[in-house]
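Keeping the supplied structure of chain A fixed, place chain B with the ligand upon it in accordance with the hints.
Line by line, the protein sequences give chains A and B.
Last residue of the first sequence: 344 in this note's numbering, with the numbers rising by one and none dropped.
Last residue of the second sequence: 951 in this note's numbering, with the numbers rising by one and none dropped.
The set of hints was computed from the structure by calculation and includes no laboratory data.
Ideal Cβ positions, reconstructed from N, Cα and C, are used throughout, including at glycine.
Be aware that a few hints might be false.
Claimed, not checked - Dumping the calculated DSS-like pairs for lysine-lysine here, alpha-carbon to alpha-carbon at most 30 Å:
{"no.": "1", "chain 1": "A", "residue 1": "K220", "chain 2": "B", "residue 2": "K921"}
{"no.": "2", "chain 1": "B", "residue 1": "K907", "chain 2": "B", "residue 2": "K854"}
{"no.": "3", "chain 1": "A", "residue 1": "K104", "chain 2": "A", "residue 2": "K265"}
{"no.": "4", "chain 1": "B", "residue 1": "K783", "chain 2": "A", "residue 2": "K152"}
{"no.": "5", "chain 1": "A", "residue 1": "K140", "chain 2": "B", "residue 2": "K833"}
{"no.": "6", "chain 1": "A", "residue 1": "K152", "chain 2": "B", "residue 2": "K921"}
{"no.": "7", "chain 1": "A", "residue 1": "K215", "chain 2": "B", "residue 2": "K824"}
{"no.": "8", "chain 1": "A", "residue 1": "K176", "chain 2": "B", "residue 2": "K824"}
{"no.": "9", "chain 1": "A", "residue 1": "K176", "chain 2": "B", "residue 2": "K854"}
{"no.": "10", "chain 1": "B", "residue 1": "K804", "chain 2": "A", "residue 2": "K176"}
{"no.": "11", "chain 1": "B", "residue 1": "K856", "chain 2": "A", "residue 2": "K304"}
{"no.": "12", "chain 1": "B", "residue 1": "K907", "chain 2": "B", "residue 2": "K833"}
{"no.": "13", "chain 1": "A", "residue 1": "K215", "chain 2": "B", "residue 2": "K856"}
{"no.": "14", "chain 1": "B", "residue 1": "K824", "chain 2": "A", "residue 2": "K140"}
{"no.": "15", "chain 1": "B", "residue 1": "K921", "chain 2": "B", "residue 2": "K825"}
{"no.": "16", "chain 1": "A", "residue 1": "K304", "chain 2": "B", "residue 2": "K804"}
{"no.": "17", "chain 1": "B", "residue 1": "K783", "chain 2": "A", "residue 2": "K215"}
{"no.": "18", "chain 1": "B", "residue 1": "K931", "chain 2": "A", "residue 2": "K215"}
{"no.": "19", "chain 1": "A", "residue 1": "K152", "chain 2": "B", "residue 2": "K856"}
{"no.": "20", "chain 1": "A", "residue 1": "K215", "chain 2": "B", "residue 2": "K833"}
{"no.": "21", "chain 1": "B", "residue 1": "K804", "chain 2": "A", "residue 2": "K152"}
Claimed, not checked - Covered stretches of chain A, as calculated for chain B (at least 3 residues, CB under 8 Å):
{"no.": "22", "region": "103-110"}
{"no.": "23", "region": "121-129"}
To be verified - Some chain A residues well away from chain B (every beta-carbon gap over 10 Å; in silico):
{"no.": "24", "residue": "T146"}
{"no.": "25", "residue": "E151"}
{"no.": "26", "residue": "G222"}
{"no.": "27", "residue": "E288"}
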Amino acid sequence: MIKQHPTQAVLRAFIQGDLDPSVAIIVSSHIEMCEQCQKEVNQLTEIAAEKAFEQDIMDSFDPCTHQAFDSSLSKNMIDEIMSLPLDESMIEESVPNQEMYEDIEPAHSEQNQKIISHKDGHLPLPRALSSLDAAPWQGVGKVSRARFQFNDDERRLSLLKIDKGGQIPQHTHTGIEITLLLEGSFEDDMGTYQKGDFIWLDKAHTHSPITQDGCICLTLVSDALHFTQGFSKLLNPLGKLIY
Amino acid sequence: MHTSIKTFGKYKDDSIATPPQLSTELCCWLNSVAKQRDKKAFTELFNFFAPKIKRFGISKLNNEAMANELVQDTMSLVWKKAHLFEASKGAATTWVYTLMRNTCFDTLRKMKHKDNISLSDDIWPSDLTEELSDDSEFKDHLLNEKVLRCIDSLPLAQQSIIKGVYYQELTQEQLAKQLGIPLGTVKSRLRLALSKLKQQMGDRDHD
Ligand SMILES: [Zn+2]
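Chain A on its own, in the form it takes in the complex (with noise of 0.2 Å):
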């Protein structure tokens, strides 16, 4: 059972387009993981498109964008968009065709999942991260990363996979730090988390997770971890490792 969701103003940003991409993978993928968020988000969704698309809204409040819109460029736009080739899909709408089914690959959401592999097996990844790659698993001790080959300012995504027994030393962030947990299950100070919690740390927090049986998360960082006890030298590499 999921007990750890982003928080509905995250959910809405995440509906609206307004979160950074890497955020919003890591949030998409909880909302794969998440019945109840898939709820949530299908409501504001709706919500969000009877705000935008409201009829009265531009008389009301934005009379400049109105008159800008005039007949002559909406005429040009019209007669140019209805003018486009009509693409594969339509066609296949309106013939049902035995043979072009055949070449088509299958619309099963399994199809396009990507499996990643590790020392202990193989995971199946969330769908957001399809278009990704990632770099080989890197690892220090019982802690290990694959980090996605992908740009996003400062922020880091990588997956985590802790080993059975093994821990993150305490810390804290200088920026935010955000994990969402893939398989097996982990604590820290502050409870337990399974399969599907979202986790969201900024700044103010000090943790060190350690897990029983082991675990691989999705993790997104956008700022240097700092190890807030001794042997930091020692500890520097893992510090690296993790960011």
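Chain B with the ligand only, in chain A's frame:
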């Protein structure tokens, strides 16, 4: 006492519902575009949505030319994909909103980064909402029976694929192994079976 103050700036579920008459009209236009490539209906849709998409575009992209491009790109998708809109699965406004939001998101990302990955289809998969409503439909007892009857009317080869994937939750690879047939055959049979099922279910909805 209730006064009719309009709450534009706020999210208030009860105050901003699209009037039923309008949403019926939008659905009709979309249907005409889907079925007959009706140019008049598309013009109506364009006149309704374009200024609002532009307004959305200006707020996100801060640039009038790009906002106009957003209008053109979004309305092109409406034109091309109208047949994918299903009124039973949500409002026309919601459908257009997701097209607009996705286009805008990819535009913003392309402005910032050189890589040309379009992420919006992965982040907001279009079948997410469909899956949900399918789920709730499939829980419906009557419909479930209907589905079963339809499945039983399929050729045996297709039945075994559908049952394997949906009842035993096998992957297509596992099924191919189990049935001793190539993966490509599993895929094409599944595709065929699904399209037949959709047809049959659709037909029965009308009677
Ligand atoms: Zn959730």
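Against the structure, the hints come out as follows:
Between K220/A and K921/B the CA atoms are separated by roughly 25 Å; this keeps the pair inside 30 Å, and the hint holds. At most 30 Å may separate the alpha-carbon atoms for a hinted pair to count; K907/B and K854/B exceed this at roughly 42 Å. Pair hint K104/A plus K265/A holds up; C-alpha atoms about 22 Å apart against a cutoff of 30 Å. Our distance criterion of 30 Å between C-alpha atoms is met by K783/B and K152/A, whose separation comes to about 27 Å.
Among the hinted pairs, K140/A with K833/B is consistent with the structure: their alpha-carbon atoms are about 13 Å apart, no more than 30 Å. Restraint check for K152/A and K921/B: not satisfied, since their Cα atoms lie roughly 51 Å apart, outside the 30 Å limit. At most 30 Å may separate the alpha-carbon atoms for a hinted pair to count; K215/A and K824/B meet this at roughly 29 Å. For the hint pairing K176/A with K824/B, the CA-to-CA distance comes to about 18 Å; that is within 30 Å, so the pair holds.
For a cut-off of 30 Å, the pair hint linking K176/A to K854/B stands: about 28 Å separates their Cα positions. Annotation: proposed proximity of K804/B to K176/A holds, straight-line Cα distance about 25 Å (limit 30 Å). Proximity of K856/B to K304/A is assessed by CA-CA distance (about 26 Å); at most 30 Å being required, the pair is judged to hold. Proximity of K907/B to K833/B is assessed by CA-CA distance (about 25 Å); at most 30 Å being required, the pair is judged to hold.
Distance restraint check for K215/A and K856/B: the Cα-Cα separation of roughly 26 Å lies within the 30 Å cut-off, and the hinted pair is therefore satisfied. A distance of roughly 28 Å separates the Cα atoms of K824/B and K140/A; the hinted pair therefore holds under the 30 Å criterion. Simply put, K921/B and K825/B have alpha-carbon atoms about 36 Å apart, too far for the 30 Å limit, and the pair is violated. Between K304/A and K804/B, the direct Cα distance comes to roughly 28 Å. Compliance with the 30 Å bound is thereby established for this hinted pair.
Among the hinted pairs, K783/B with K215/A is inconsistent with the structure: their alpha-carbon atoms are about 41 Å apart, more than 30 Å. Between K931/B and K215/A the CA atoms are separated by roughly 17 Å; this keeps the pair inside 30 Å, and the hint holds. A threshold of 30 Å between alpha carbons decides the hint, and for K152/A with K856/B the separation of about 28 Å falls inside it, so the pair holds. For the given pair, K215/A sits about 28 Å from K833/B by alpha-carbon distance, which is consistent with the 30 Å threshold.
About 15 Å separates the Cα atoms of K804/B and K152/A, which keeps this hinted pair within 30 Å; it holds. A stretch counts as covered by a chain when three or more of its residues have a beta carbon under 8 Å from one of that chain; for the region 103-110 of chain A and chain B the count is 0, and the coverage is violated. Requiring three or more residues with a Cβ within less than 8 Å of a Cβ of chain B, the coverage given for the region 121-129 of chain A holds, as 4 such residues are present. Look at T146/A: its CB is around 6 Å from the nearest CB on chain B, not clear of 10 Å, so calling it non-interface is violated.
Look at E151/A: its CB is around 5 Å from the nearest CB on chain B, not clear of 10 Å, so calling it non-interface is violated. For G222/A, the shortest C-beta to C-beta distance to chain B comes to about 15 Å, beyond the 10 Å cut-off, and the non-interface label holds. Listed as outside the interface, E288/A is consistent with that label: its C-beta sits roughly 30 Å from the nearest C-beta of chain B, beyond the 10 Å cut-off.
Figure legend: structure checked against the earlier numbered hints; hints not met, in rising order: 2, 6, 15, 17, 22, 24, 25.
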